[in-house]
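Line order of the protein sequences matches chains F and U.
Residue numbers for the first sequence follow this note's numbering, beginning at 1 and rising by one.
Residue numbers for the second sequence follow this note's numbering, beginning at 310 and rising by one.
None of these hints come from the bench; they were simulated from the model.
Positions of the beta carbon are idealized from the N, C-alpha and C atoms, including for glycine.
Do not take every clue at face value.
[To be verified] Partial list, computed: chain F residues near chain U (C-beta under 10 angstroms): (1) L36; (2) A38; (3) F143; (4) V277.
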Amino acid sequence: MRNYMIRRIGHSIFIVAGLMGLLFLAINVLGDPVELMADEDASQETIDALREKFGLNRPLHIRFADFYWDLARGDFGKSLRHRIDARDMIVDRLPNTAALAIVAWVIGMFGIPLGMLAARRPRGFVDRIVNILSFAVISIPQFWLALMLILLVSVQLDLLPTSGFKGLGPEGWKYMILPAMALSPLVMGRNAQITRSTMIEEIAKQYVATARSKGLAETAILYGHVLKNASISIVTLMGDELAGFMNGSTVVEIIFGWPGIGKLLIDGINARDLPVVTSSVFVIALMVMVINLAVDLIYTWLDPRISYS
Amino acid sequence: MQNDVITLEQRPNPIVAIWRNALVQAFLNDPITLISALFLFVIVGAAVFAPVAAPYDPQNQQLRLRHQGPLTTGEAVTRAASGTVEENRFFLLGTDHLGRDYLSRLIYGGRISISVGLLGVLVSSVIGVFLGITAGYYRGVLDDVIMRTVDIFMSVPLLLLALMVLFILGPSFTNIIIVFAVARWMLFCRVSRGVVLSLREQAFVDAARAIGASDGRIIGRHILPNLITPLLTLAALEVPRNILTESTLSFLGFGIQPPESSWGLMLSQGRDYIVTAWWVVVVPGTAIFLTALSFNLFGVWMRAVSDPLQRWRWLKATKEAKDAGVG
Numbered sequence: 001m002r003n004y005m006i007r008r009i010g011h012s013i014f015i016v017a018g019l020m021g022l023l024f025l026a027i028n029v030l031g032d033p034v035e036l037m038a039d040e041d042a043s044q045e046t047i048d049a050l051r052e053k054f055g056l057n058r059p060l061h062i063r064f065a066d067f068y069w070d071l072a073r074g075d076f077g078k079s080l081r082h083r084i085d086a087r088d089m090i091v092d093r094l095p096n097t098a099a100l101a102i103v104a105w106v107i108g109m110f111g112i113p114l115g116m117l118a119a120r121r122p123r124g125f126v127d128r129i130v131n132i133l134s135f136a137v138i139s140i141p142q143f144w145l146a147l148m149l150i151l152l153v154s155v156q157l158d159l160l161p162t163s164g165f166k167g168l169g170p171e172g173w174k175y176m177i178l179p180a181m182a183l184s185p186l187v188m189g190r191n192a193q194i195t196r197s198t199m200i201e202e203i204a205k206q207y208v209a210t211a212r213s214k215g216l217a218e219t220a221i222l223y224g225h226v227l228k229n230a231s232i233s234i235v236t237l238m239g240d241e242l243a244g245f246m247n248g249s250t251v252v253e254i255i256f257g258w259p260g261i262g263k264l265l266i267d268g269i270n271a272r273d274l275p276v277v278t279s280s281v282f283v284i285a286l287m288v289m290v291i292n293l294a295v296d297l298i299y300t301w302l303d304p305r306i307s308y309s
Numbered sequence: 310m311q312n313d314v315i316t317l318e319q320r321p322n323p324i325v326a327i328w329r330n331a332l333v334q335a336f337l338n339d340p341i342t343l344i345s346a347l348f349l350f351v352i353v354g355a356a357v358f359a360p361v362a363a364p365y366d367p368q369n370q371q372l373r374l375r376h377q378g379p380l381t382t383g384e385a386v387t388r389a390a391s392g393t394v395e396e397n398r399f400f401l402l403g404t405d406h407l408g409r410d411y412l413s414r415l416i417y418g419g420r421i422s423i424s425v426g427l428l429g430v431l432v433s434s435v436i437g438v439f440l441g442i443t444a445g446y447y448r449g450v451l452d453d454v455i456m457r458t459v460d461i462f463m464s465v466p467l468l469l470l471a472l473m474v475l476f477i478l479g480p481s482f483t484n485i486i487i488v489f490a491v492a493r494w495m496l497f498c499r500v501s502r503g504v505v506l507s508l509r510e511q512a513f514v515d516a517a518r519a520i521g522a523s524d525g526r527i528i529g530r531h532i533l534p535n536l537i538t539p540l541l542t543l544a545a546l547e548v549p550r551n552i553l554t555e556s557t558l559s560f561l562g563f564g565i566q567p568p569e570s571s572w573g574l575m576l577s578q579g580r581d582y583i584v585t586a587w588w589v590v591v592v593p594g595t596a597i598f599l600t601a602l603s604f605n606l607f608g609v610w611m612r613a614v615s616d617p618l619q620r621w622r623w624l625k626a627t628k629e630a631k632d633a634g635v636g
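If we strip away everything but chain F, and leave its shape as in the complex, we get:
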C-alpha cells in the first residue's frame, strides 16, 4: 500500500509537471510571452523593456529550469495588472470556488436515488421519465441556464440578486443560490445516468439471482449488494465531477461575478496577465490531481478485492 501510494503520488506530480511544461513550451516556443503580455499596439521600447524585466532574453533552457524552480517554491511572480503576488490572489479565490463546487456537488447527489429508482424497472415509466430528464439537463448549456435563472428569478420575480458576492458568511448565502442552481442539474443528470446504467448491469449478474433464490428481500439485495458494487463507478464519476468543478464552474462564475479561480483565469487571459494565467492553471491542475488521488484511495475501502501491491 505504501509503495503504491508513493508511486501514485509520483505519477500525479509527473502529470502536473508535464502539463506545466507543455504550457511553458507552448507559450515560449509556439508563441511569444511578450506578445501575449503586451498590448497589440505596444511600441518596440515597451516590448524590449518587458523582455528585459522578465528576463526573457535569457536562453530557453535556463528559463525552463527557472520556471520549474519557481513552481516548486510556489512563487508565480507578481500579477502584471494588480501588482500583487499571483499566489495571494489564488489563495484568496480558492475558498470561493471550493465552496460553490461543494454546494453544487452535494445537491447533485440527489441524482443517485433517481437513478436507482429508474434501474428497478428498465424501460418502465419511471425509467423513461428519469432518462429524458437526465438527458435534458446534460444538454442544457450551463451559461444559458444561468441567464435563464437570472431572467426568471431575479428580473421577473425579483427574489434574488442577479449577481455579486458578499463573502461566504451568513450575509452571502443569497448570492450563492443561483450559481449553485445553474451548476447542479448537470451533475444530477450524470449521477442519475451512471447510477442507472451500472445498477442495471449489476442486477443482471449471477449473485443477484442467487440472493433472490435464497429469499432475500429485494430491498436488501438492491441496497446491500447491488448498490455497493455499483458504487465504484458512481464514486469515480463523482470524483471526476468534483474535479471538473475546479474548472467547469468558470462560465457560471463569470456570469454571476463570483470571484473564484475560473473567473481569475479568464480575467487573467483577457488582461494578458501571464503570471495569473500560469498560476491558475497550476492550481486547477493540482486540485484535479488531489481529487483523483482521493478517489483512488476510496476504491480500496469500497472494494477490498482491489489490492495495491
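Following the hints, put chain U in place on chain F, whose structure we already have.
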C-alpha cells in the same frame, strides 16, 4: 417459368424487408428517438441549405427595426442604386439589436455550430482511432506510451485545455477544431484500442494472417468494419458535447469571432439586452439545447440497440419484427 414466379412472390419485396427490419421497427415505434431524428434532419437541413432556408439576409441591418418581438412585421428599407426599396418583413423570431432578422441569423449561426460539432468529432476520431488501432494492434512500448498519454490528457479538464490552446493560438474557427483534436481524441482511442485488443485474438484474424494478408489489409478489411458501430455511437454522443463546448467558448469570447456567428456568440451578444428583449437569449439557447438533446437521445438509442445485453428491451415491443423472425 411458373417456378420462377413463385420464387419471386416468396422473396419479400426489398422495401417491405427494410420496413420489417427489427431495427427500423424499433426506431419507428420509439416516438422520442423518431422525433429527435426528425428534428436533427430539419436542423441539419436548414444549416446545409441556409441560403434557401433563411428568409432574409442575416447581415442586413435595419436600425429602425431594432428588437422587434417575435411574430411581428416591419417595413425594411434597403438603399439600392436604383433608389430605396421598401419591403414588408415578417419576423418569426424577432430581430436583434441591429434590426437583423433573428431566424435568418439562427439558421446561419447553426451552420457554424453544427459544423464545429461534426468537424470536431471527425478530426478527433481520426486521430483517436489511428492511435487506438496502433496501440491495440502492435502492443508493446508503443501501446504503453499512447495509453499513458491518454491518461495524462484525460486528467486535464476540457475547458482548461481549450482555454490554454485558444490563449496561445488565438480564437478562430480552425483553432476550435484544433482544440477538439487535442482535447477529445482520447475516448476514441480507448474505445478502438479495446475493440482491437479483443478482435486480434480471434480466429478470423488468425485465418487472414495465415493466408498471408498484410497488417494493412487485416486492419482495413477485418478490424475497421467491426469498429464502425461503437465509433458511430460514440460520435453521436460527442457531437452535442462539442456543440456545447463551442457555445461556451464563443460565449466567453474565445471562440467564433464576429462577423461570423454561432449560437454561442448570439447568446453572448444578446446577453446585454436580456431584460428588454428576452428572445435574443431564449431563442439561440433553445436551439443549442434541443440540438444537443436530440443528438444525445439518438446516440443513446444507438448505443442501446447495438448492445447485445440491452437491445431486447428495445426490440421486443415490435410484434411485426417477431413475426418476421428477425431481431
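Each hint tested on the structure:
no. : hint : result
1   : L36  : holds, 7 angstroms
2   : A38  : violated, 15 angstroms
3   : F143 : holds, 5 angstroms
4   : V277 : holds, 7 angstroms
Checked against the numbered hints given earlier, the structure breaks only hint 2 and satisfies all the rest.
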